[in-house]
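Asker: Below are the chains, spelled out letter by letter.
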Amino acid sequence: MPNPAGFGELGFKKAVLQLEARLREALPAPFRRLSSHEIGATYRQRRFERGWRIDMLCSDGEARQIDLLVSPAFPLGYPRTALVDGPGQLVWPHVEHDGILCLLPIMAEVDADDPGSVAIHLIGRSARLIEDLLKGEIIERDFREEFLTYWFYARDAKFKITSIVDPGGPSRELRAWRDKDMVIVGESQEQLESWLSRRFGNPRGNKRFHTEPAGLLWLSSPPLPADYPHNGADLLALAKKESDEAYSLLIDLASKAQKDIIVLMGAEGRGGSGLIATMTTSGRKVSSRDGKIQEPLSKGFAPNRMPKEVATLRTYSAAPVVKAEVSRADPRWIHGRGKDARSMRLLQKTVTFVGCGSVGSSVAAKLVRAGVGNCHFVDPEDLDWPNLGRHELGADSIGKNKALELAAKFQRAFPHLAIEGHEVSAQALIDGYRELLESSDLVISATGSWSAEGALNRWHLVNGRKKPFLYGWTESYGAAGHAVLIGADGGCLRCGIGGTGVPHFLGCHWPEGSATIEEPACGNHFTPYGAVELGFVNDLISETALRALLEESTLSHHRIWLAPIQRIKDSGGAITEAMTQLAERENPGGQIWEREWCQSDCPSCSFAREYRSVA
Amino acid sequence: MYDCDKDVCAYHKDEVTLPKTDQDSMRSRRDANRKRLRDGLSKANDPAPSEFVKQGSYAMKTMLRDAANDYDIDDGVYFWKEDLVGDRGAEKTSIQARWMVRDAIDDGSFKTAPEVRSNCVRVFYEKGYHVDVPVYRKSEDDDGNMVHELASSSGWKRSDARDVTHWFDDERSNSTNGTQLRRLVRLIKKYAKSRSSWKGGILSGFGITVLVTECQRIDSREDQALYDTMKAIRDRLNWNLVVKHPVTPNDTITSGDNDAKARMLRDKLTQALDWLAPLFEWDCTREKALGCWDKVFNTTYFSERGEEEARAAASYAAPIATSAALIGLESRTSASVLTSGGGRHA
Ligand SMILES: [Zn+2]
Chain A
7 MPNPAGFGEL
17 GFKKAVLQLE
27 ARLREALPAP
37 FRRLSSHEIG
47 ATYRQRRFER
57 GWRIDMLCSD
67 GEARQIDLLV
77 SPAFPLGYPR
87 TALVDGPGQL
97 VWPHVEHDGI
107 LCLLPIMAEV
117 DADDPGSVAI
127 HLIGRSARLI
137 EDLLKGEIIE
147 RDFREEFLTY
157 WFYARDAKFK
167 ITSIVDPGGP
177 SRELRAWRDK
187 DMVIVGESQE
197 QLESWLSRRF
207 GNPRGNKRFH
217 TEPAGLLWLS
227 SPPLPADYPH
237 NGADLLALAK
247 KESDEAYSLL
257 IDLASKAQKD
267 IIVLMGAEGR
277 GGSGLIATMT
287 TSGRKVSSRD
297 GKIQEPLSKG
307 FAPNRMPKEV
317 ATLRTYSAAP
327 VVKAEVSRAD
337 PRWIHGRGKD
347 ARSMRLLQKT
357 VTFVGCGSVG
367 SSVAAKLVRA
377 GVGNCHFVDP
387 EDLDWPNLGR
397 HELGADSIGK
407 NKALELAAKF
417 QRAFPHLAIE
427 GHEVSAQALI
437 DGYRELLESS
447 DLVISATGSW
457 SAEGALNRWH
467 LVNGRKKPFL
477 YGWTESYGAA
487 GHAVLIGADG
497 GCLRCGIGGT
507 GVPHFLGCHW
517 PEGSATIEEP
527 ACGNHFTPYG
537 AVELGFVNDL
547 ISETALRALL
557 EESTLSHHRI
567 WLAPIQRIKD
577 SGGAITEAMT
587 QLAERENPGG
597 QIWEREWCQS
607 DCPSCSFARE
617 YRSVA
Chain B
8 MYDCDKDVCA
18 YHKDEVTLPK
28 TDQDSMRSRR
38 DANRKRLRDG
48 LSKANDPAPS
58 EFVKQGSYAM
68 KTMLRDAAND
78 YDIDDGVYFW
88 KEDLVGDRGA
98 EKTSIQARWM
108 VRDAIDDGSF
118 KTAPEVRSNC
128 VRVFYEKGYH
138 VDVPVYRKSE
148 DDDGNMVHEL
158 ASSSGWKRSD
168 ARDVTHWFDD
178 ERSNSTNGTQ
188 LRRLVRLIKK
198 YAKSRSSWKG
208 GILSGFGITV
218 LVTECQRIDS
228 REDQALYDTM
238 KAIRDRLNWN
248 LVVKHPVTPN
258 DTITSGDNDA
268 KARMLRDKLT
278 QALDWLAPLF
288 EWDCTREKAL
298 GCWDKVFNTT
308 YFSERGEEEA
318 RAAASYAAPI
328 ATSAALIGLE
338 SRTSASVLTS
348 GGGRHA
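Residue numbers (the working numbering), protein chains in the order written: chain A, 7 to 621; chain B, 8 to 353.
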């Protein structure tokens with residue numbers, strides 16, 4: 007017996023024994039074992055090891071049969087059931103071409119220790135499904151609601167189509183780009199060029215990415231399998247039935263296109279909108295060698311002089327259309343599978359990250375993954391080996407600028423977002439990139455440098471605190487993390503931080519001193535902690551940033567994460583008096599607290615007041 | 008003791024003893040091997056063998072059926088000592104004799120070439136089993152007695168495997184039920200091989216054979232005889248872990264007086280006796296009893312027999328199930344299926 011994964015051969019036999027005993031006890035009528043020959047002949051593409059057949063009298067008076075089948079891995083996974091002599095492919099939903107029934111969703115779990123009950127349950131479900139199908143009400147409904155699945159079964163294209171199109175109406179013209187590995191469809195030449203150059207880099211010299219016209223038919227309801235187009239004429243008929251716009255879209259495409267036309271079709275299913283694709287094959291054959299069109303559809307006519315009617319007839323002919331699966335790569339799908347309402351709002355946001363070190367790079371990585379549409383990374387420094395243990399970048403970026411490398415890495419990985427790097431210091435940023443700061447919905451500073459952040463704070467104040475600034479840092483040993491959001495009201499950063507950059511509120515202190523260790527070089531200090539400890543701090547800052555982007559809160563506030571108390575003790579540290587008061591009771595650590603960041607009429611506030619009154 | 012006589016007999020017949028087809032194919036393979044060796048020797052102008060003698064469990068007919076076809080048969084080849092001379096008339100050494108046999112057998116048709124081992128030449132077959140060919144020389148001593156010597160790793164060593172076969176034949180004819188004795192050997196060997204994790208750690212099949220002949224408890228019921236013999240061996244090993252070689256004087260199969268493999272057999276027998284304890288309870292059911300035997304032999308064979316009987320005796324409420332009756336089963340078993348998954352995401 008091939009590979010009895012998980013429970014072994016004996017486990018398989020025991021489970022089969024239990025299952026058979028259970029069938030005998032539970033079923034009201036006799037059943038029979040299937041021979042291995044029967045199993046092999048009926049379920050050719052599947053690997054079933056044993057099977058049983060149960061006769062069933064349906065409500066329509068007909069006798070039908072259900073097969074119960076187990077794979078060699080049984081009782082791992084679950085038994086499958088099949089309707090014997092089923093109606094064939096795509097006549098009934100949930101019934102595959104060989105009669106196998108789809109009863110359970112992908113995430114379903116079954117109790118492998120009770121295989122008998124699982125089998126009995128699935129037989130019951132199968133009977134119910136077959137009765138429901140006989141009644142007929144669910145047939146159209148399920149075919150439409152789960153149309154992506156049934157299109158997938160019917161597909162005949164060897165390729166998948168990648169879509170960065172916004173999956174919604176109306177029917178409209180799109181553009182497509184293809185090479186031998188990929189077919190990608192977007193809203194416009196510009197969108198495709200931008201996506202492709204971000205993903206693969208700019209084409210050499212002054213070449214451009216060559217795109218071609220394509221279309222989206224937005225359907226008022228998903229197609230039934232019977233409506234799936236077999237040839238060009240079917241496709242045109244489908245569009246005509248849908249709307250005048252859809253119809254004229256296809257007519258226009260016929261006269262514009264030089265190659266076979268990709269037509270996406272979209273509709274709303276139960277789980278949200280879905281996309282499927284067809285491509286005509288009416289004869290615009292492209293040579294695989296030189297990419298030239300061998301038998302142009304416009305044969306017999308001068309270039310671009312073929313009458314519309316002829317183009318339509320030739321394109322949407324009796325030549326088949328191929329059906330392809332669509333992989334969605336649009337932002338809504340990537341950031342939350344179309345279900346996260348926040349993703350469309352985040353896509354509109356611009357965030358500037360000042361400082362791309364161990365905190366900044368990780369916070370940036372998280373916000374990119376959350377789907378912030380426009381990101382600017384700012385850092386003047388190059389990556390060095392000791393950075394690697396706490397940085398998003400690796401050895402391939404050693405000796406290169408952190409901001410530029412981080413931007414390049416994430417831009418390739420997230421071509422639907424706009425990500426830029428700037429090799430400048432915070433000071434130079436204020437002097438030379440005012441527009442960038444002004445246009446940002448949020449500035450996140452994680453430089454750990456008071457001269458840099460003090461300066462940013464002054465600019466923020468002088469500029470009127472229009473958009474929030476977020477400052478994040480960790481205490482020594484990753485013992486406490488801080489996220490200070492400076493909004494339009496409440497304190498400025500300097501209000502809570504002393505003239506030399508020491509915060510008024512500290513989570514921990516080190517009675518013995520020695521919170522830092524010296525490197526064998528002049529003036530270099532560091533504190534030992536790693537990416538794991540830092541993770542909590544970075545998460546605190548990232549979450550505060552996300553909230554600032556999505557919630558309109560204008561009051562400055564301070565969030566503190568404190569490491570588990572034992573870890574602080576192990577590093578020779580202790581919790582400060584202020585932190586103890588904030589926590590209010592016996593404090594185990596490993597938790598987040600929030601406090602106000604109060605105005606204190608600090609030097610920066612007065613500086614800004616004077617500056618603005620003069621201006 | 009709950010009566011599972013028929014079941015243990017059936018298990019022996021179906022799962023333990025060598026099927027006829029395997030016996031036949033083994034014999035024909037052995038014969039082909041003998042012919043190959045004869046032909047090879049004559050081609051190389053080497054001496055012809057004087058005789059072949061099958062030996063080991065193959066000769067004693069105590070071999071077990073093996074699902075993986077891992078059959079190990081022993082077929083000794085004997086030469087006259089005066090024939091075994093090499094260059095310049097010198098007597099062939101033990102290793103030279105084994106190499107001569109290896110080269111003669113290897114006609115180039117094997118996927119894995121035959122190998123010279125410390126006490127034999129090993130021939131590999133495709134289906135997973137192998138034939139071991141120990142090489143002997145024989146001569147008459149001054150008193151006219153036949154002397155047999157094995158080509159071993161420590162040179163020519165006095166030995167004749169025929170002695171063991173004869174010993175077992177004698178034991179069988181001395182027993183009140185020689186065929187049951189042989190079945191008991193097979194069943195207890197089968198138990199010792201029932202878990203792959205015991206392999207290499209438990210007493211050898213030969214050791215078990217000796218212990219079974221020593222402790223046999225013949226009974227009209229097969230299950231009773233098996234249980235009693237297992238218990239007798241366990242008690243015997245509790246008292247003494249040393250197993251003497253049945254034909255070589257002063258030689259033992261075990262090593263020392265605390266042999267780990269003998270100890271393991273003893274402990275595993277104790278475990279089996281524990282598993283079989285429910286058979287002695289007054290309310291033991293057939294289902295329970297069969298489950299006990301399954302546990303011992305690490306199989307589902309016994310319970311499957313029970314299930315077959317239950318199927319044959321089953322009476323069903325209807326000749327055909329209605330869909331409504333099947334749908335009714337769904338809710339009673341719904342605890343075993345969770346369509347929404349376990350809520351643990353990663
Ligand atoms: Zn202030």
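None of these hints come from the bench; they were simulated from the model. Do not rely on the hints blindly, as some may be mistaken.
What the hints assert, rightly or not - Computed cross-link-like contacts, DSSO-like style, restricted to lysine-lysine with a CA-CA straight-line distance of at most 30 Å: (1) B/Lys42 with A/Lys20; (2) A/Lys20 with B/Lys164; (3) A/Lys20 with B/Lys251; (4) A/Lys20 with B/Lys295; (5) A/Lys372 with A/Lys345; (6) B/Lys145 with A/Lys20.
Asker: Does each hint fit the structure? Answer for all of them.
Answerer: Structure-based check of each hint:
1. As the CA atoms of B/Lys42 and A/Lys20 are separated by approximately 46 Å, the hinted pair breaks the 30 Å bound.
2. For the given pair, A/Lys20 sits about 50 Å from B/Lys164 by alpha-carbon distance, which is inconsistent with the 30 Å threshold.
3. Taking the CA atoms of A/Lys20 and B/Lys251, the gap is near 40 Å; set against the 30 Å cutoff, the hint is violated.
4. Pair hint A/Lys20 plus B/Lys295 holds up; C-alpha atoms about 15 Å apart against a cutoff of 30 Å.
5. Distance hint between A/Lys372 and A/Lys345 is fulfilled; the C-alpha atoms sit about 19 Å from each other, no more than 30 Å.
6. The hinted pair formed by B/Lys145 and A/Lys20 fails the criterion: a straight-line CA distance of about 54 Å is larger than 30 Å.
Violated hints for the displayed structure, listed by number in ascending order: 1, 2, 3 and 6.
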